[in-house]
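Visitor: This is what each chain is made of:
2 protein chains.
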Amino acid sequence: MKSVSIQGIRGSFHHEAVNRFFHDQKMEIIDSPTFKTVVMDVINGKANYGMMAIENSIAGAILPNYSLITKYGLHIIGEVVLPIKHHLLALPGETLDSINEVRTHPMALLQCENFLEKYPSWKLLSKDDTATCAYHIHIKKMKGVATIGSKLAAQMYQLHILAENIHDVSDNYTRFYLLSATPEKIENFTKASLYFTTDHTMGSLAKVLNILAKYKMNITKIQSVPLTGSIFQYSFHADINTPGGDDTNYRMALNEIKNTTGFLHILGEYKEDKIKK
Amino acid sequence: MKSVSIQGIRGSFHHEAVNRFFHDQKMEIIDSPTFKTVVMDVINGKANYGMMAIENSIAGAILPNYSLITKYGLHIIGEVVLPIKHHLLALPGETLDSINEVRTHPMALLQCENFLEKYPSWKLLSKDDTATCAYHIHIKKMKGVATIGSKLAAQMYQLHILAENIHDVSDNYTRFYLLSATPEKIENFTKASLYFTTDHTMGSLAKVLNILAKYKMNITKIQSVPLTGSIFQYSFHADINTPGGDDTNYRMALNEIKNTTGFLHILGEYKEDKIKK
Chain B
1 MKSVSIQGIR GSFHHEAVNR FFHDQKMEII DSPTFKTVVM DVINGKANYG MMAIENSIAG
61 AILPNYSLIT KYGLHIIGEV VLPIKHHLLA LPGETLDSIN EVRTHPMALL QCENFLEKYP
121 SWKLLSKDDT ATCAYHIHIK KMKGVATIGS KLAAQMYQLH ILAENIHDVS DNYTRFYLLS
181 ATPEKIENFT KASLYFTTDH TMGSLAKVLN ILAKYKMNIT KIQSVPLTGS IFQYSFHADI
241 NTPGGDDTNY RMALNEIKNT TGFLHILGEY KEDKIKK
Chain X
1001 MKSVSIQGIR GSFHHEAVNR FFHDQKMEII DSPTFKTVVM DVINGKANYG MMAIENSIAG
1061 AILPNYSLIT KYGLHIIGEV VLPIKHHLLA LPGETLDSIN EVRTHPMALL QCENFLEKYP
1121 SWKLLSKDDT ATCAYHIHIK KMKGVATIGS KLAAQMYQLH ILAENIHDVS DNYTRFYLLS
1181 ATPEKIENFT KASLYFTTDH TMGSLAKVLN ILAKYKMNIT KIQSVPLTGS IFQYSFHADI
1241 NTPGGDDTNY RMALNEIKNT TGFLHILGEY KEDKIKK
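Going down the list, the sequences are from chains B and X. First residue of the first sequence: 1, per my numbering; consecutive thereafter. First residue of the second sequence: 1001, per my numbering; consecutive thereafter.
Here chain B stands alone, though its shape is the one from the complex:
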């Protein structure tokens, strides 16, 4: 059986992402405390793959995770887009009135601010991940304590859903990348993630985009990496749609881009995960 390292424990959104990607295929889930340790699990061969959140429709990109991918030379071999639905979970028998503490991941607290504001007396505790909180509430029979998490977490740790869909914004999606230490050829890939630098001459980014347009590659995402030092060079993350069959045009586009950019790294070629609305 193949294994996937996830940030957090079973019942987390990362676990849901694995289920969505592999469908019925049985995978061994390896719990890993941080994004860095997920990457290490993959690099050291402890896991075949790593599943890692990369972008949220509300909060934007998780730039440090892009850095981990490039720093350790991992390959993106798949994409998952998961609707994020936050629920308030607690032991069976609890009510909104009996809760006095909510412990969950700080990102979940941020995404449920409007709901939490209605209960100013609740103590809000930041913890490493949502599913671990659900596990602790279950195993330690923690009364008066709720967590914010997924339905999968509620099922796995036999918690009751006290309030459903408590996230502020309903259009909340998180994109995940399935990562591998070795390249894996994905037949008929429909998407590619590029990372490139341009010099500071006017229009150097435009040149790259013109080449993509010439070869009919659509851009689904572009983001400059915020400047922290040099103002003479910029780096960009761009995702593009590829034809999903004959990749001649795509290869020709890459060759031309290589001559324009200071540096071009293909982070991965994989199948797009389309959101069904």
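Mimicking DSSO-like on lysine-lysine, the simulated pairs with C-alpha atoms at most 30 Å apart in a straight line are:
hint, chain 1, residue 1, chain 2, residue 2
1, B, LYS36, B, LYS271
2, B, LYS271, X, LYS1207
3, B, LYS118, X, LYS1071
4, X, LYS1036, B, LYS221
5, B, LYS258, B, LYS185
6, X, LYS1221, B, LYS271
7, X, LYS1085, B, LYS71
8, X, LYS1214, B, LYS207
9, X, LYS1118, B, LYS123
10, B, LYS85, X, LYS1123
11, B, LYS36, X, LYS1127
12, X, LYS1071, X, LYS1271
13, B, LYS123, X, LYS1123
14, X, LYS1151, X, LYS1140
15, B, LYS143, X, LYS1140
16, B, LYS36, X, LYS1123
17, B, LYS123, X, LYS1143
18, X, LYS1214, B, LYS216
19, B, LYS207, X, LYS1221
20, X, LYS1127, X, LYS1036
21, B, LYS26, B, LYS85
22, B, LYS258, X, LYS1216
Calculated directly from the structure, the hints in this document are not laboratory data. Since the structure is predicted, the reported quantities are computational estimates derived from the model, not experimental observations.
Put chain X on the given structure of chain B with help from the hints.
Guide: Frame of chain B, contents of chain X only:
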């Protein structure tokens, strides 16, 4: 005396941003609980200006704040780039051994993860903002409790710095926008923030960038807004450098872009804040 509404209270990074922007000019600071209420203070005339974080070099853009600016039609009239330095603050007399709880904003917890991991016994509490925690520790004489915050907060609330520069990444900058309800002409502005949509035809973004290149406008930031619904239209936030004097070329570029994009909104024209390294 003119007034600025800030998210949080005096001693916060928003307060530091106001000090950096207005230098010696005395401003009335209006504490406001959320980014939304900051916007409301400006719209309702309670404050002349609002200071709002928009982007962090590690975490990326705060996309919901871009939405607030566009939704309420605010004008960006200034920019502040502030180095973010997190310190562990507590009552005088405390030591790292006497601390058992850290209460601060979830983003500060996220940015100091490596440091906090060294003290697994500390209880981590999420609170609305860092400066309010500093204020409470001071006013309630809270023993064994630390917060993560700025030197300004330590000074204002007479706290002791238990550990300096505890943030994971040293190149941590936050960009803020100074916002106004009415447009304000900034003489010799050197930067502009644009928000535009393009259709899904190949190369529509490239067309916009070509126009900018033709008129020698450099892009300092570009970001597509993550898809949540329609896949037929994209919107982008782009910051560009303008000549800082004669704005003829800039105006001509905007006119050409208007003919290319579905929608072009100038969020602001203001002076760039250059980071001194």
